[in-house]
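*Asks:* Sequence:
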Amino acid sequence: MSKRAVEMQFNWIFILIAGAVILAFFFNVVQKQRTLSEEKLSIKLASQMDAIFSGAIESKGTIQPLATPKPGIAFSCSDTCVCKYHVGKSGIEFNDKLIFAPPLIKEQDARAWAVEWKLPFRIANFLMLTNPAIKYYLVYDSANPLSAQAFQRISKGLPKEINRETISSPSGAGDVSPEGYVQTRFVFIGTSEPDLSNLRMEFQSEDVSGVWIDDTLEKVVFYEKSDPDRLEFNQYPSSLAGEETAYATIFAADHMMYNCMMQRAFDKLGAIAGVHEARARALQETMGALDTPRLDCVGAYDPIITSLANMRQKAVLLGTSFSQEADAQGAGALAGILGVQTELNTQNTNLIKQNCPEIY
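Position one of the sequence shown corresponds to residue 38 (the numbering used here), numbered consecutively onward.
Simulated from the structure, these hints should not be mistaken for laboratory data.
Be aware that a few hints might be false.
Derived PhoX-like pairs: lysine-lysine, alpha-carbon spacing no greater than 20 Å straight-line [to be verified]:
(1) Lys193 - Lys155
(2) Lys134 - Lys107
(3) Lys134 - Lys155
(4) Lys305 - Lys155
(5) Lys97 - Lys305
(6) Lys121 - Lys143
(7) Lys197 - Lys97
(8) Lys121 - Lys134
(9) Lys97 - Lys155
(10) Lys97 - Lys107
(11) Lys134 - Lys305
(12) Lys121 - Lys256
(13) Lys193 - Lys97
(14) Lys107 - Lys143
(15) Lys155 - Lys256
(16) Lys134 - Lys97
(17) Lys126 - Lys143
Just the calculated beta-carbon pair ranges, DEER-fashion [as the list claims (entries may be wrong)]:
(18) Gly217 - Val312: 45 to 53 Å
(19) Ser214 - Gln272: 18 to 26 Å
(20) Pro196 - Glu239: 26 to 34 Å
(21) Asn392 - Asn271: 55 to 63 Å
(22) Gln272 - Glu202: 21 to 29 Å
Glycine residues also receive a C-beta, built at the ideal position from the N, C-alpha and C atoms.
When you get a sec, could you build the whole thing from the sequences and use the hints?
*Replies:* Next comes the structure, spelled out in structure tokens:
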């Protein structure tokens, strides 16, 4: 082969290598620009959803449709209660929002339902999220009056727009076949504690979970798959604090989200109880400092100050360690708060009857 032919071959090889390097460079630039553009879009969408959620939380009592961005919205809480929602790769923390949502909402518009939580004064609004791709089966025992009563309490408050179906016998859950929904949740109300391993075998590879709510609406157990391809479930007991929290268990992605949100809810309760306690003390002092002291009012504030201080102390405990397994200390604090709320209503009513400024 002549020297010129060899040089020509090397020239062509050099051109090919140089061309490949140039193409790789521009391909890398395009990919980086695309990634950057997607990240900017996900950040923008996540910020928009944050504003939308803030507005939805304030619209209590009604269920609203919310447009879902194409990438979908993922929700999760870590074991240290860092709770975020993600649009694409961008995640935003819940911050002070109390959100109970499935792991993923995608493809169809979401449904947002804000519910006011009071003990007995207003504490916060819970925001429940779902969409039509999620199916809820409400299971109760029609032969058990306590189960039927608990079912009526829960079902009458749930919006009709939620994709749900009623089963009037616990054994009926075993007859349900998967219907192609993204997620399926069985909600057992007032029945004996269920065994979800008795579901049809077709549910093995389905995203299926359950919650069991006792007939007094005081306890809940979450049933979460231990293996995505088996009908094996871990059980996580926790506590309830009124019908609103029972709704929250239905919509929460898992026990972790529920417990984290309840911890934040009780933290808010502690702060608000402290504000009311300070107001009661200030009013008591004002009534005693009048030109003609209202001694009847001064005495009337004593019991409500004691009740508010008691509630604040117990709420602080639950706000830092709402138990994932309803331990004795947490259960005692919760029972104390639920008991105090009845006292507070009576005491606040007595203030009104005595023509003294009420607390709430």
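*Asks:* State for each hint whether it applies.
*Replies:* Taking the hints in turn, this is what the structure says about them:
{"no.": "1", "hint": "Lys193 - Lys155", "result": "19 Å, holds"}
{"no.": "2", "hint": "Lys134 - Lys107", "result": "23 Å, violated"}
{"no.": "3", "hint": "Lys134 - Lys155", "result": "16 Å, holds"}
{"no.": "4", "hint": "Lys305 - Lys155", "result": "11 Å, holds"}
{"no.": "5", "hint": "Lys97 - Lys305", "result": "18 Å, holds"}
{"no.": "6", "hint": "Lys121 - Lys143", "result": "16 Å, holds"}
{"no.": "7", "hint": "Lys197 - Lys97", "result": "16 Å, holds"}
{"no.": "8", "hint": "Lys121 - Lys134", "result": "10 Å, holds"}
{"no.": "9", "hint": "Lys97 - Lys155", "result": "13 Å, holds"}
{"no.": "10", "hint": "Lys97 - Lys107", "result": "27 Å, violated"}
{"no.": "11", "hint": "Lys134 - Lys305", "result": "11 Å, holds"}
{"no.": "12", "hint": "Lys121 - Lys256", "result": "26 Å, violated"}
{"no.": "13", "hint": "Lys193 - Lys97", "result": "16 Å, holds"}
{"no.": "14", "hint": "Lys107 - Lys143", "result": "7 Å, holds"}
{"no.": "15", "hint": "Lys155 - Lys256", "result": "18 Å, holds"}
{"no.": "16", "hint": "Lys134 - Lys97", "result": "14 Å, holds"}
{"no.": "17", "hint": "Lys126 - Lys143", "result": "15 Å, holds"}
{"no.": "18", "hint": "Gly217 - Val312: 45 to 53 Å", "result": "49 Å, holds"}
{"no.": "19", "hint": "Ser214 - Gln272: 18 to 26 Å", "result": "24 Å, holds"}
{"no.": "20", "hint": "Pro196 - Glu239: 26 to 34 Å", "result": "29 Å, holds"}
{"no.": "21", "hint": "Asn392 - Asn271: 55 to 63 Å", "result": "56 Å, holds"}
{"no.": "22", "hint": "Gln272 - Glu202: 21 to 29 Å", "result": "24 Å, holds"}
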